[in-house]
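Trainee: Residues per chain, in single letters:
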Amino acid sequence: MESIISDYNYWIYILLMMIGLYAMLAKNNLVKKVIGMSIFQTAIIVFYVSIGAKEHATIPIIAHGHGHGAVEAAIDVTHYANPLPHVLMLTAIVVSVGTLGVALAICLGIYRRYNSLEEDEIQEQLQ
Amino acid sequence: MSFVEQAPVLIVILPLLSAFLVNMVGLINRRYCLPFAILGIFGSFTASVITLIRIMEHGVIHYRLGGWPPPFGIEYVIDHFNGLVLVTVSFVSLLAVIFSKESIKQELPEKIPQFYTLFVLLVTGLLGMTVTGDAFNLYVLLEISALTGYALIAMGDNKALVASFNYVILGTIGASFYLLGVGHLYIMTGSLNMANLLTILPDLYSLNVIFIALLLILVGTWIKMAFFPMHGWLPNAYTYAPSAAGCLVAPLVTKVSVYIMIRIMLSVFSPLYVYSVVGLSDTIVWMAVIAILSGSILALAQTDFKKMLTYLIVAEVGYMVGGAWLASSSGLTGAILHIVNDALMTLCLFIFAGIVIYKRGGQQLQDLAGLYKKMPITMAAFTVGALSMIGVPPTAGFFSKWYLILGAIDAGKYHFMAALLVSSLVNAILFFRVIEIAYFEPKVDHHGGDSHKVAIDEAPLSMLVPLIIVALSLIVIGLYSGDIVTNIIQHSVPAGL
Numbered sequence: 295m296e297s298i299i300s301d302y303n304y305w306i307y308i309l310l311m312m313i314g315l316y317a318m319l320a321k322n323n324l325v326k327k328v329i330g331m332s333i334f335q336t337a338i339i340v341f342y343v344s345i346g347a348k349e350h351a352t353i354p355i356i357a358h359g360h361g362h363g364a365v366e367a368a369i370d371v372t373h374y375a376n377p378l379p380h381v382l383m384l385t386a387i388v389v390s391v392g393t394l395g396v397a398l399a400i401c402l403g404i405y406r407r408y409n410s411l412e413e414d415e416i417q418e419q420l421q
Numbered sequence: 234m235s236f237v238e239q240a241p242v243l244i245v246i247l248p249l250l251s252a253f254l255v256n257m258v259g260l261i262n263r264r265y266c267l268p269f270a271i272l273g274i275f276g277s278f279t280a281s282v283i284t285l286i287r288i289m290e291h292g293v294i295h296y297r298l299g300g301w302p303p304p305f306g307i308e309y310v311i312d313h314f315n316g317l318v319l320v321t322v323s324f325v326s327l328l329a330v331i332f333s334k335e336s337i338k339q340e341l342p343e344k345i346p347q348f349y350t351l352f353v354l355l356v357t358g359l360l361g362m363t364v365t366g367d368a369f370n371l372y373v374l375l376e377i378s379a380l381t382g383y384a385l386i387a388m389g390d391n392k393a394l395v396a397s398f399n400y401v402i403l404g405t406i407g408a409s410f411y412l413l414g415v416g417h418l419y420i421m422t423g424s425l426n427m428a429n430l431l432t433i434l435p436d437l438y439s440l441n442v443i444f445i446a447l448l449l450i451l452v453g454t455w456i457k458m459a460f461f462p463m464h465g466w467l468p469n470a471y472t473y474a475p476s477a478a479g480c481l482v483a484p485l486v487t488k489v490s491v492y493i494m495i496r497i498m499l500s501v502f503s504p505l506y507v508y509s510v511v512g513l514s515d516t517i518v519w520m521a522v523i524a525i526l527s528g529s530i531l532a533l534a535q536t537d538f539k540k541m542l543t544y545l546i547v548a549e550v551g552y553m554v555g556g557a558w559l560a561s562s563s564g565l566t567g568a569i570l571h572i573v574n575d576a577l578m579t580l581c582l583f584i585f586a587g588i589v590i591y592k593r594g595g596q597q598l599q600d601l602a603g604l605y606k607k608m609p610i611t612m613a614a615f616t617v618g619a620l621s622m623i624g625v626p627p628t629a630g631f632f633s634k635w636y637l638i639l640g641a642i643d644a645g646k647y648h649f650m651a652a653l654l655v656s657s658l659v660n661a662i663l664f665f666r667v668i669e670i671a672y673f674e675p676k677v678d679h680h681g682g683d684s685h686k687v688a689i690d691e692a693p694l695s696m697l698v699p700l701i702i703v704a705l706s707l708i709v710i711g712l713y714s715g716d717i718v719t720n721i722i723q724h725s726v727p728a729g730l
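Those sequence lines, one after another, are chains E and S. So for the first sequence, our numbering puts the first residue at 295; every next one is plus one. So for the second sequence, our numbering puts the first residue at 234; every next one is plus one.
Derived by calculation from the structure, the hints in this document are not laboratory data. Don't take every hint at face value.
Think about it this way: if two alpha-carbon atoms lie no more than 27 Å apart in a straight line, the pair counts; the simulated DSSO-like pairs of lysine-lysine are [unchecked claim]:
#1 E:K321 x S:K392
#2 E:K326 x S:K392
#3 S:K592 x S:K392
Beyond 10 Å from chain E on every Cβ pair, some chain S residues (computed) [claimed, not checked]:
#4 V242
#5 Y296
#6 W301
#7 E343
#8 G423
#9 I433
#10 S509
#11 A688
#12 L697
#13 I717
A virtual CB, placed ideally from N, CA and C, is assigned to each residue, including glycine.
Pulled out of the complex, with its shape left as it was, chain S reads as follows (with noise of 0.2 Å):
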């Protein structure tokens, strides 16, 4: 019963636990919420690189709750695959919530007990829905994320109550589909179990049903991924969540659902089927490329800030859709490395424009003027996320979009290629806008005419470590990102695609 043996579940039960103890000492004193948070994820993280360790060193690691043998119980299953996003999840986490302590103050102060206990079960959620091999369960855990990140977001300001409103209905609708999807598998087959799926579908694939069930299944996770033209819900609900809340939920969400969809193509129908029985996949990277495309254009039009990486999200899903239908090893470790990388991007464009709103009060762009020389730290991050979300070598952007590229290549799907150097070439011209308004357009200084000399105002300490840790991390990621492809992502690409 040691730590090490527990560790699969205690990833999912320390955030579960803290978030009883967050609401606890919330009645007591408000400040103990922090604290109970922070060590709740820590606890988790700490679980999950452990876990992430031994899956290297011994191989998939099955975790039987109460002892029950798969087929009737529910059991973990721990693979390359979703150790890696296990860590990734659980590490972004840690950093937002270390982030939101100032911002939460200052944008949320009455609330701080009911955000932190909703932070932490949505942490809980997003977890859970990675760490399980039950189907049925998996639907459990996405409802448990939708409806804590639904409240999430209606916390934020004005716009935000219609923005979640639409969100419930359309993630409602998302969620729904899922189940139904999950009850015709249940239906023809008798179990709810991933792998056991796997094993008895084969004999059914010339059935219709299944053929159904797996369409009910992708449009449910395209829903909840904002997959264009489902994307209707996100722009609006994370650009009007508290900027805290936003941290969270846009790096993490939209990448889990993700996982999700690869996780149902791999794991409970087979790579045989999703790329060569049904023959979606031709469909479905056009549909990516139109998302990527559309994604890009809808950026390029907006004037606020975040909402232009709201749209951004839209593109990036396209990636990660287009890339695990690309029905080629280079393309599926393309999307499951973007998934890391996207997330870490995210969060920190996200973090940066948590700064920019608790700092000037404001998310347009105009309100970036001339914050290189009064948040050198900050913007020197900002510049790494910029460059990573445009693909520079040697940040972690650039080799996932290298694979993808790659795959695209192989699959022959020239027009997925060009819809990702396009989408490279639209982010550039964003972000070089956003560098030149806060380079080159100093702040009007009503103060008379020796403005030249600008005093350095950065952010708070426990609003700028996170940001420049996660600005490191995209450099250490895309140095390492080798190492990372044939030492997890390889293990987890199945052979012969």
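Next comes chain E alone, as it looks inside the complex (with noise of 0.2 Å):
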């Protein structure tokens, strides 16, 4: 129970990847898969995130200006959050979008050939 409260942000993760990938896999329309596949990518980006989330920490850019607020520059290792996950994740977002947009294009194009977007009505015309 403590493990749960503590590290929460990891369950959410795991919650929401096998949302997605019971989507994925168990859902008979096309389109629903790929609702699916963005859940399922997205909880790898909350993972992701929220390893370098931190509470009352700000970015470590050492400020260089004058006057009031300058000196309040983020050195110590204790104020400041880790950048490098979340800006991987901008390019994992970037991916994501890519993957949704093929797959979406896709569906398009299964669906002007035959006219549906259930798999098992699909696969029947294939037989």
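Since each chain comes alone in its own frame, lean on the hints to assemble the complex.
Mentor: Okay, structure coming up:
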């Protein structure tokens, strides 16, 4: 129980991942599969972003300005959040948008050819 | 700033730039697309060869992108192993792009610019995955090659769309598992650089998280390489893809995934960890045995020539995964050599299938009837490819199989050796069946009785030349495989295995 509360971010990502995996493998409608795929990828983004999150932390930029607040730079490790996981996820978001686009384009092609997005109906036409 | 010094990055940049150019000139005139695609890939091939020669003279090359030092910046690391894979990948794509000229004119005349843009981008992704020394960079390039692969396959005939959709779903699961595994490593080490991970990880070997990370990465790459029973997406996707796309995707995507698996095993985790600490070797070699046998048996059941080849790929993936996990130096040598050989053999057979589709309009086994008389040169090249697949000396396929069998004996895994022999036997049955159909059963001629004088009707030169080159290279690599092993592969196999 304690691990669920303290590591809730991991539990959430696992839950999301399982929902996505279920939709990808068990749903009959192709668009629902694509939605499941999107949830699955989002789960991994949540996982990465959550490991870079930290309360009361700021960005690791040393300010060179003048006047007030110029010296409030986060140099101490406890004062800044690691930005790398977030930056990595920008790339991963681009990738998942690309995947979503390709998958939807293929769905569109399938609908034009088979006039259906239900997997069993398409399989019947393929036989 | 000489070409030689910058060669490692040019391997990736030249095809990337030519992808943009192909797209641009395609707007003006679609006839300009092919020359630019060939130019980009040829440049990449030249750079790969130069890099490999430099490695053989001076050792491992580290190329820092933007000059940032390794743990923070991304670096390209090229040693003997990926130098060899780079030359193979660029060589195979060069032949495939030359082959595509006539085939694409017939199959997809209105989509030439799109096809070549995707084609060159796929090559970029594959080369990038091979060249990089950064675990996250690898993921991005994995997805670049996957996305372009989905689109290329979806361009094929009627059933290609559904096959491609299944590939999208499973491919995404695979890539996501890989990313998740890398995430676990990143949480524990704070690093994404492979060399850096190799030095940090030994202190953490006792932790479960590292084991989970290894498993996630393995499952991810296995889905990508269609390792049985995760092969479900492969046969349909590769069968119904346009033949020119099949010639690129089928030889390379699975092989580069195998490369990634071996690279992660040796350069992120260490041979000590993967072979001794986790104790997965036995299980995975058994899985490989099942993969080889199932792939071969399923191939026997096919009447579609191209589909038969796709099941053979599933079996060949079993060879390489099994060889890599034998935990013996001959086994690993065999697996690495087989990456090269299998890429060339598969290319040979898929180009042949492409020529048959071009000439006969079908890919069923009976479409091959009487081909020996009509296309003697094509069939001679096919025979070399088939003999190599069976493993007849002096073709290349024999030597990698020989090393794999030696490795199996060294490691005492006789079931793996038996699987290799059974698979060779099945390959012999399969290909002699094909040869029999093509040699002895003349196509029924409806023009009357005097049909014993069949006119020779070869494929266009742009299809024939790549096929002849790849068939010759199978023999040349077979003859020089001893040199390749001692001069290149031995440097990559860790000592003390």
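Trainee: Run every hint past the structure and note whether it holds.
Mentor: The hints, checked one at a time:
1. E:K321 x S:K392: Judged against 27 Å, a Cα distance of about 20 Å means the pair holds.
2. E:K326 x S:K392: holds, 21 Å
3. S:K592 x S:K392: holds, 21 Å
4. V242: The claim holds: V242 (chain S) sits with its nearest Cβ about 19 Å from chain E, beyond 10 Å.
5. Y296: Y296 (chain S) is indeed farther than 10 Å from all Cβ atoms of chain E, at 20 Å.
6. W301: holds, 13 Å
7. E343: holds, 15 Å
8. G423: Non-interface label fails for G423 (chain S): nearest chain E Cβ at 8 Å, not farther than 10 Å.
9. I433: holds, 15 Å
10. S509: holds, 30 Å
11. A688: Check passes; 38 Å lies beyond 10 Å.
12. L697: holds, 33 Å
13. I717: holds, 36 Å
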